[in-house]
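Student: Below are the chains, spelled out letter by letter.
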Amino acid sequence: MSQFLYMSGYAAYVWPSIGLTLALLVFNILWARQLTRDAQAEARRRIASEDAS
Amino acid sequence: MNWVWFHRFGSPPYFYAVAGRIVPWLAWPAGLLIVAGLYGGVVMAPPDYQQSDAARIMYVHVPAAYVGLMSYTVMAISAAIGLVWRLKVCHAVAAACAPIGASFTAVCLITGMLWGQPMWGAWWVWDPRLVSMLVLLFFFIGYMGLRGAIDDVQRADRASAVLASVGIINVPIVHYSVVWWNSLHQGASLIRKGGPAMPASMWVPLVLVIFGFTFYFYAVMLVRARAEVLRRDRGGSWVRELLTAPEQPK
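Read top to bottom, the protein sequences are chains Y and H.
If you read the first sequence in our numbering, its first letter stands for residue 1, the second for the next number, and so on.
If you read the second sequence in our numbering, its first letter stands for residue 1001, the second for the next number, and so on.
Treat the hints as calculated values from the structure; they're not laboratory data.
Please note: incorrect hints may appear among the correct ones.
Stated by the list, open to error - Not everything, but these chain H residues come out facing chain Y in the computed CB check (under 7 Å):
no.	residue
1	1053
2	1054
3	1147
4	1220
5	1234
This structure is a prediction, so every number in the text was calculated from the model and none was measured.
By construction, the Cβ of each residue, glycine as well, lies at the ideal position given by its N, Cα and C atoms.
Bound conformation, chain Y alone (with noise of 0.2 Å):
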């Protein structure tokens, strides 16, 4: 297990290209989720506030 995460000494550089990347993944679909739900509260707003008038 130590050898492969040793990754014969490149472990500096292979670990966080990959931790880089997949961290990068993650954002992003976290992103588009509250964009969706941004964009779903504002027009409810939009929508709350016409009611209203």
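Following the hints, put chain H in place on chain Y, whose structure we already have.
Tutor: Then chain H, alone, in the frame of chain Y:
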């Protein structure tokens, strides 16, 4: 040929509904392909005969580069269609491509630096492939910046679409940079005359990650495009029907 099916995608409610149904069919294969590909590449594939385990950076670097270029192509074509036929759904799709494409391009550049330092002895070299990829990132950032700087949505659509369309010239430059100029960066090793320059134990995981990132891109892009369509049409009657319907959308 009957183009009615295509025209219907120009209708925001139709696009919103169909895109919403497509997303899970892209997202699940994306997750499976990325996990399988990275496991195959990082754990199972043999180390490179020259670069040893450092070559495993390839399994994220190459797919990120490919999807970065693909994102730009989709963005530019969609923006150009939106410009010519004035379809706001196309502008929404183009706008949705930019941040994801920029992310993949940044991943490509940073993983490239992490690969370049141990192999070339330098984090960065002013090489045609590297510089043209950096220009691609600047086009994405410029496109997003331009959209953000113009308050009027239609003017922002048109101005950013012109920028995106002009920038498409950079895509073939990135691709052929290793052919046209003397480059430190290696040439095409996967799709080339004579087949891949690596055994199946290496190229199969690589191809899985490429497909995984591609599916991921379309899934996240469609989620963003739906949000954008909803944001633009927030005063529209179809949005009211959608959000006040007894069965609420996710």
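Student: A separate judgement is required for each hint: does it hold in the structure or not?
Tutor: Evaluated hints:
1. 1053: holds, 4 Å
2. 1054: Check passed: Cβ of residue 1054 of chain H comes within 4 Å of chain Y, closer than 7 Å.
3. 1147: violated, 14 Å
4. 1220: holds, 5 Å
5. 1234: holds, 4 Å
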